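**Student:** When you get a sec, could you build the whole thing from the sequences and use the hints?
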Amino acid sequence: MPLWDWNYAFDILPDLVLALVTTIEITLLGSVVALLLGLVFAVLRRLHIPVLDQVLWAFIEVVRSTPLLVQVFFLFFVLPQFGITLSAFVVGVVGLGIHYATYTSEVYRAGIDAIPKGQWEACTALSLPRLRVWTGVILPQAVPRVLPALGNYVISMFKEVPLLLAIGVVEVVNEAREIGSLTFRYTEPYTIAGLLFLLLSYPASMLVRRLERRRAAA
Amino acid sequence: MPPPDTTESTTEPMTEPTTEPMIVFDGVEKRFGTNVVLKDLSFTVAPGEHVTLIGPSGSGKTTILRLLMTLEQLDEGTISVGGRYLSHELRSGTLGPPREKYLRDVRKHIGMVFQQFNLFPNMTVRGNLVEGPTRVLGLSKDEANSRAEELLDLVGLKEKIDAHPTQLSGGQQQRVAIARALAMRPDVLLLDEVTSALDPELVTGVLKLLQDIGDTTDITILCVTHEMGFARDFSDRVMMFDGGRVLEDAPPDKLFTDPDHQRTKDFLQAVLDH
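Protein chains in written order, with the working numbering: chain A, 1 to 218; chain B, 1001 to 1274.
Simulated from the structure, these hints should not be mistaken for lab results.
Since we're looking at a predicted model, the values are computed, not measured.
Note that CB positions come from ideal geometry on N, CA and C, so glycine has one too.
Wrong hints could be hidden among the right ones.
Below, a list of computed lysine to any residue pairs in the SDA-like style, where the Cα atoms sit at most 25 Å apart [what the hints assert, rightly or not]:
#1 A/LYS117 to B/VAL1136
#2 B/LYS1254 to B/ASP1266
#3 A/LYS117 to B/ASP1215
#4 B/LYS1160 to B/GLN1116
#5 A/LYS159 to A/PHE197
#6 A/LYS117 to B/SER1196
#7 B/LYS1101 to A/LEU52
#8 A/LYS117 to B/THR1124
#9 B/LYS1208 to B/GLU1150
#10 B/LYS1160 to A/GLN141
#11 A/LYS117 to B/LYS1101
#12 B/LYS1101 to A/ARG130
#13 B/LYS1101 to A/THR135
#14 B/LYS1208 to B/LEU1247
#15 B/LYS1254 to B/SER1042
#16 A/LYS117 to B/PHE1032
#17 A/LYS117 to B/GLY1093
#18 B/LYS1101 to B/LEU1139
#19 B/LYS1101 to A/GLY136
#20 B/LYS1158 to B/GLY1214
#21 A/LYS117 to B/ARG1066
#22 A/LYS117 to B/TYR1102
#23 B/LYS1254 to B/PHE1230
#24 A/LYS117 to B/SER1057
#25 A/LYS117 to B/ARG1104
#26 B/LYS1254 to B/ASP1215
#27 B/LYS1160 to B/ASP1199
#28 A/LYS117 to B/ASP1199
#29 A/LYS117 to B/GLN1116
Sample of chain B residues lacking proximity to chain A, with all beta carbon distances greater than 10 Å (derived) [stated by the list, open to error]:
#30 GLN1116
#31 PRO1121
#32 SER1146
#33 GLU1193
#34 PHE1230
A few chain B positions that, by computed beta-carbon distances, are all more than 12 Å from chain A [said to hold, decoys possible]:
#35 GLU1020
#36 ARG1245
#37 ALA1270
**Tutor:** Here is the structure:
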């Protein structure tokens, strides 16, 4: 048997691409959760609301200090005991989303902290309502600055999706594993799976780098 | 500039027909940690009066403006503007800590121009000028827009209305910042070293603009500056600060030519030599 069988490779490609679609779906939906929730965390922490501040701090520390796999198992196997049963796909989106929200919140925080004090003072001098200060002045300046960093987290998240095979999500790597276990040929499926990740991650990280350069030039 | 238009204000007019002071500091003390910046400070400013605060750095001049803009909280005493406490809120006969909503309401009548301009870089010049009037005073887009155009005309930057702040020189940015403060039709305007960050050749234009505004409006103006020539022409009154206290409080002619204190003489000499 040759080390690499082209016919076999082309045979299994459609199934792997189909599984890649699931990977992309989870990445995109997870990113929405991570980017929105992270922003909420960052703004709430900045408001220093007693009790809520400590609770949020503790939550973020716990999530960041424990493996994503443990969190995913918790959502998938433990939550049903409390009457909350989520599909593997939803657990993937929520698990990745919350996990990465704790990281994006730090990114947003850095962006918010980088806004000069004078901007806040100008808002006070104009008597702007608090909500408008955030939506009109602070976030429109803070978020563009941190887009590259956020983009990098989206790419990392994309590469972490295969971890969800532990709860049976059929994404690319899981599909490759199943194909391999049926045919006992692993070289092609895993190689193609890896290449598919490379094919998407690499251009994405180039895009982020261009964004970084544009921000640096601005 | 016409006087503040009362139809735009939801609150009672700030200016009484009587000669009640516009600004009252009563026994104000401000500390940063153990450092006492202002000590038992009491003074009043009449409506329409132009007062310049001078003194060595660290003498507390800027802190006075920042207290008036509620950018700092005081430790003792009271401050009121237009007859309403800024430092406290009067609720059912007792003074308590001010709530955000009350503060915003009192603050609407006070404008401030900063040393570093602090324009919003994510908005155009127009955006900067309509932000307060539409979001705080409740003006329509059209009203706010025509007010913005009027004010840009006044500060000589009509053609820059759709420019971004970063495309403007420091002097132009400061003119826009002045226009932004005026767009709120404030009763009190605070000028915090507004020419200190400007290149020397741009200073004169900004000072001339301020002189015009002083001459043509009845806004009460408090000004911290190192431009003694401007202070002399512009002010009705000059207050010399030293170590958190008012050392001398006199009309500019007296203070600049014949000050009572040697400390004032030394300070003025030092500024001249600079």
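**Student:** Next, verify each hint and record whether it holds.
**Tutor:** We went through each hint and held it up to the structure:
Taking the CA atoms of A/LYS117 and B/VAL1136, the gap is near 21 Å; set against the 25 Å cutoff, the hint holds. This hinted pair checks out: B/LYS1254 and B/ASP1266 have alpha carbons roughly 15 Å apart, not beyond 25 Å. Using a Cα cut-off of 25 Å, the hinted pair A/LYS117 and B/ASP1215 is violated, with the two alpha carbons roughly 32 Å apart. Only pairs whose Cα atoms come within 25 Å are accepted, and B/LYS1160 paired with B/GLN1116 is accepted, the gap being roughly 19 Å.
Only pairs whose Cα atoms come within 25 Å are accepted, and A/LYS159 paired with A/PHE197 is accepted, the gap being roughly 7 Å. Under the criterion of a C-alpha separation no larger than 25 Å, the hint pairing A/LYS117 with B/SER1196 is consistent with the structure, at around 18 Å. For the given pair, B/LYS1101 sits about 22 Å from A/LEU52 by alpha-carbon distance, which is consistent with the 25 Å threshold. This hinted pair checks out: A/LYS117 and B/THR1124 have alpha carbons roughly 20 Å apart, not beyond 25 Å.
Taking the CA atoms of B/LYS1208 and B/GLU1150, the gap is near 18 Å; set against the 25 Å cutoff, the hint holds. Note on B/LYS1160 and A/GLN141: the hinted pairing holds, with a Cα-Cα distance of about 21 Å set against a maximum of 25 Å. A distance of roughly 22 Å separates the Cα atoms of A/LYS117 and B/LYS1101; the hinted pair therefore holds under the 25 Å criterion. In summary, the hint linking B/LYS1101 to A/ARG130 is supported, as the alpha carbons are separated by about 10 Å, within the 25 Å threshold.
As the CA atoms of B/LYS1101 and A/THR135 are separated by approximately 19 Å, the hinted pair is consistent with the 25 Å bound. At most 25 Å may separate the alpha-carbon atoms for a hinted pair to count; B/LYS1208 and B/LEU1247 exceed this at roughly 28 Å. Between the alpha carbons of B/LYS1254 and B/SER1042 the distance comes to roughly 21 Å, so the proposed pair stays at or under 25 Å and holds. Pair hint A/LYS117 plus B/PHE1032 holds up; C-alpha atoms about 18 Å apart against a cutoff of 25 Å.
Straight-line distance between C-alpha atoms of A/LYS117 and B/GLY1093 comes to about 36 Å, which puts the hinted pair past the 25 Å bound. Taken as a hint, the B/LYS1101 and B/LEU1139 pair is honoured in the structure, with Cα atoms around 19 Å apart against an allowance of 25 Å. With a CA separation close to 19 Å, the supplied pair B/LYS1101 and A/GLY136 stays within the 25 Å bound. Between B/LYS1158 and B/GLY1214 the alpha-carbon distance is near 21 Å, which keeps this suggested pair within the 25 Å criterion.
Our distance criterion of 25 Å between C-alpha atoms is met by A/LYS117 and B/ARG1066, whose separation comes to about 13 Å. The straight-line distance between the Cα atoms of A/LYS117 and B/TYR1102 is roughly 23 Å, inside the 25 Å bound, and the hint therefore holds. For the hint linking B/LYS1254 to B/PHE1230, the alpha-carbon distance of about 15 Å falls within 25 Å, and the restraint holds. For the hint linking A/LYS117 to B/SER1057, the alpha-carbon distance of about 20 Å falls within 25 Å, and the restraint holds.
At roughly 19 Å between alpha-carbon atoms, A/LYS117 and B/ARG1104 fall within 25 Å of each other, so this suggested pair holds. The hinted pair formed by B/LYS1254 and B/ASP1215 meets the criterion: a straight-line CA distance of about 21 Å does not exceed 25 Å. With a C-alpha separation of about 20 Å, the suggested pair B/LYS1160 and B/ASP1199 falls inside the 25 Å cut-off, and the hint holds. For the given pair, A/LYS117 sits about 23 Å from B/ASP1199 by alpha-carbon distance, which is consistent with the 25 Å threshold.
Among the hinted pairs, A/LYS117 with B/GLN1116 is consistent with the structure: their alpha-carbon atoms are about 11 Å apart, no more than 25 Å. Some Cβ of chain A comes within 10 Å of the Cβ of B/GLN1116; the nearest lies about 5 Å off, and the non-interface call is violated. Distance to chain A contradicts B/PRO1121 as a non-interface residue, since its nearest Cβ pair spans about 7 Å, not more than 10 Å. B/SER1146, annotated as away from the interface, keeps every beta carbon of chain A farther than 10 Å; the closest lies near 19 Å.
Distance check for B/GLU1193 against chain A: the nearest CB is about 13 Å away, which clears 10 Å, and the non-interface claim stands. Every beta carbon of chain A lies more than 10 Å from that of B/PHE1230, the smallest distance being close to 22 Å; the non-interface claim holds. With 12 Å as the threshold on Cβ separation, the claim that B/GLU1020 sits away from chain A holds: the shortest Cβ distance comes to roughly 23 Å. With a cut of 12 Å on Cβ distances, B/ARG1245 stays outside the contact zone with chain A, its closest approach being about 26 Å.
With a least beta-carbon separation of about 28 Å from chain A, B/ALA1270 lies farther than 12 Å from that chain, consistent with its non-interface assignment.
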